[in-house]
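Work out the full structure, taking the sequences as your base and the hints as a guide.
Heads up: the sequence shown at position 336 corresponds to 424 in the working numbering, and the numbers run straight through without jumps.
Because the hints were derived from the structure by calculation, they are not lab data.
Okay, the calculated beta carbon distance ranges per label pair: (1) Lys666 with Lys764: 24 to 32 Å; (2) Lys326 with Lys253: 24 to 32 Å; (3) Pro149 with Arg373: 42 to 50 Å; (4) Glu218 with Pro327: 39 to 47 Å; (5) Ala425 with Asp464: 19 to 27 Å; (6) Glu290 with Pro149: 49 to 57 Å; (7) Asp612 with Pro565: 33 to 41 Å.
Pairs of lysine to any residue residues, derived as SDA-like cross-links and limited to a Cα-Cα distance of at most 25 Å, are as follows: (8) Lys151 with Arg210; (9) Lys127 with Asn157; (10) Lys688 with Lys752; (11) Lys752 with Lys763; (12) Lys763 with Glu740; (13) Lys527 with Thr465; (14) Lys326 with Ala310; (15) Lys515 with Lys545.
Bear in mind the structure is a predicted one, so any value in this text is a computation, not a measurement. Don't be surprised by glycine CBs; every beta carbon is placed ideally from N, CA and C.
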Amino acid sequence: MPSTRTRILAGLVVCVLAAAAVSWAAEADVEQAMKDLPKYEFGQSRAQLTLIQETLRAAEPAKRTDLCNRLAALLSSGATDAAKRWVCRQLSIFGTEAQVPQLAPLLVDEQLSDMARYALERIEHPSAVEAMRKALASAKPGQKIGLINSLGVRRDEKAVDDLVKALQGGDQPTATAAARALAKIGGPKAVEALADMRTKAEGDLLAVVRDAYLQCADGLLAAGKAAQAAEMYQQMYKPDLPKHVRTAALRGIVAAGGEKTMPLLTEILTGNDTEMQASALRFLREVAGPEITKALTDLLPKLPPETQAMMLADLGARGDPAALPAVAKAVASDNEAVKKAAVLALGQLGDASTLPALTALAAGGPCADEARQALDTLPAANVNPAMIEQAKSAEPNVRKEVIRSLGARGVTAAVPVLVQAARADDKAVRQEAFRSLEKLAGSQAVPELVALVVNPKDAEDRPAAQRALATVAGRCPEKEACASAMLAALDAAPADAKAALLQTLPAAGTDKALAALKKCVGSDDEKVRDAAIRSLADWPDPAAAPDLLAIAQTVEKTAHQVLALRGYIRLAGSESLKADQRLQMYKDAMAAAKRPDEKKQVLGGLGGVKAVAALEMVIPALDDAALQKEACAAAVAIAKNLGGQGKPVIVEAMKKVLAISKDKRLNGEAQTLLKKAGG
89 MPSTRTRILA GLVVCVLAAA AVSWAAEADV EQAMKDLPKY EFGQSRAQLT
139 LIQETLRAAE PAKRTDLCNR LAALLSSGAT DAAKRWVCRQ LSIFGTEAQV
189 PQLAPLLVDE QLSDMARYAL ERIEHPSAVE AMRKALASAK PGQKIGLINS
239 LGVRRDEKAV DDLVKALQGG DQPTATAAAR ALAKIGGPKA VEALADMRTK
289 AEGDLLAVVR DAYLQCADGL LAAGKAAQAA EMYQQMYKPD LPKHVRTAAL
339 RGIVAAGGEK TMPLLTEILT GNDTEMQASA LRFLREVAGP EITKALTDLL
389 PKLPPETQAM MLADLGARGD PAALPAVAKA VASDNEAVKK AAVLALGQLG
439 DASTLPALTA LAAGGPCADE ARQALDTLPA ANVNPAMIEQ AKSAEPNVRK
489 EVIRSLGARG VTAAVPVLVQ AARADDKAVR QEAFRSLEKL AGSQAVPELV
539 ALVVNPKDAE DRPAAQRALA TVAGRCPEKE ACASAMLAAL DAAPADAKAA
589 LLQTLPAAGT DKALAALKKC VGSDDEKVRD AAIRSLADWP DPAAAPDLLA
639 IAQTVEKTAH QVLALRGYIR LAGSESLKAD QRLQMYKDAM AAAKRPDEKK
689 QVLGGLGGVK AVAALEMVIP ALDDAALQKE ACAAAVAIAK NLGGQGKPVI
739 VEAMKKVLAI SKDKRLNGEA QTLLKKAGG
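As structure tokens, then:
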């Protein structure tokens, strides 16, 4: 008997031979694909093309180069144009300088010029650029434009002289392409040529030349040559030029000159051109420094209201706290637009010192919305502690706004103060406190929230306290602790409070909470009993299902029957249940249902059960006129998901659907299902 070692070695030999066989087969497939490639035409199968492409992608560098050379050789062969186009596309991805000699002649080819150019444009080697540059002399107009574009993309400085000639040559499309290419390349010759052409060009070409000139200035600015760039921008800011050109030039002037441009900007801001004023302020945002901020705030009161409002918005966007005194002063403006802009700017710049003004404005008046927005966004670190202090004892209208903002700002440290505020004398303060507690409180606040449900300042506060408690309990991971706090107060609570607490128990969702609900279903107090049944119907998992079914089957009050059954049907759709469990629950629900509405709910749930038995259960409902619409929809939904199972049942059901349904879309689906099932 062979040893274990012998068997292992034999297995390895088999694996190596198998791998070699697979590799040989793959090589053979690639070779066949290469042989067939020269005959390829558009519309034929691309399987062999894909094989070659994937081989290129996975190959080692040496093998990839060899394969690329073989592909490039096809460019000078009798291969079809379709094959050559495809080869050019691959060389644009995988090609190197080795294939440049085969691609270069195609730059002046009637059919393949563009494809060859795309490939050369992406080959990162000087020889590729040189080939495109040399081809300019013999290229036809359309080819020349493409070559010019590619030379611009490659930023070929050696092509500038040729591009200048093309710019000045008289053919507008070629000149347009040359201007754009010169803009990308830049440099003194390009700038000089574009400057000269600015005085000669007309129409669309002039617009392109101006834009190219500005792009050259941008390039100089990016290269650190701010003075030279600024001079070019100034030339493009002359009054006789179109506004959009002057606006672009102004952006460059501000970027190049910074604070030195304030005299020009002051002239603009004190003028009458609101569009240029808005642009100037927008450009200034990009220039940091206290000098600009000071210059703007000094200028602010001298401006007309419309411009003041724009400047205030931009001072806020700059985010420089040095502007705060001027912005705070503008809040007192008699002009509503200025006042609102100042208030919003405070929200971006302000600190605790701005709270009195903002809270007073938020309490009422034309700027209340802006003041609330500002309160919610104040950035300084001293704002939250100051707000918490205000929330303790401020005048009710102000206190209410501070409490609201604490919730919006997510200040969890305010929770103890909010609990106190929930017992304030002012109703509006209490209601706002409950809303913020709903957002901020954690499990540690649950006992206080329970106390507020049981013994609120006013009975009208109980619903708000109940909502806050349920939201917090549902959000907190410490479910047992939340439930314990609720249950501890349950027995001694008066009926109204007990009913409110019961309705928060589903948010905790623990076994002990469920047991308490079950117990209260039998309460002698109608409010408590009603709350218990409603809460069972809202229970988050199927653990409450047996009790809900029992209530639906036995309770006398119709409202409770309906609540329990609807809750039971909802739980039957739980994803945690297996299909057979869900199906049984739907069967029980259908048997317990006394009204069409609940039966329709059952049918809706059955539509999501992937089982032949579910379809069998729907078929009788197809004969009930009150249920036919929902039954048809459920039958089709189930049949679509059976995967070919239960064909006789599908045939029976779909025939009935087609006989009674008036829904064209549904009937189309039923007809398809019927055919697939052999009906």
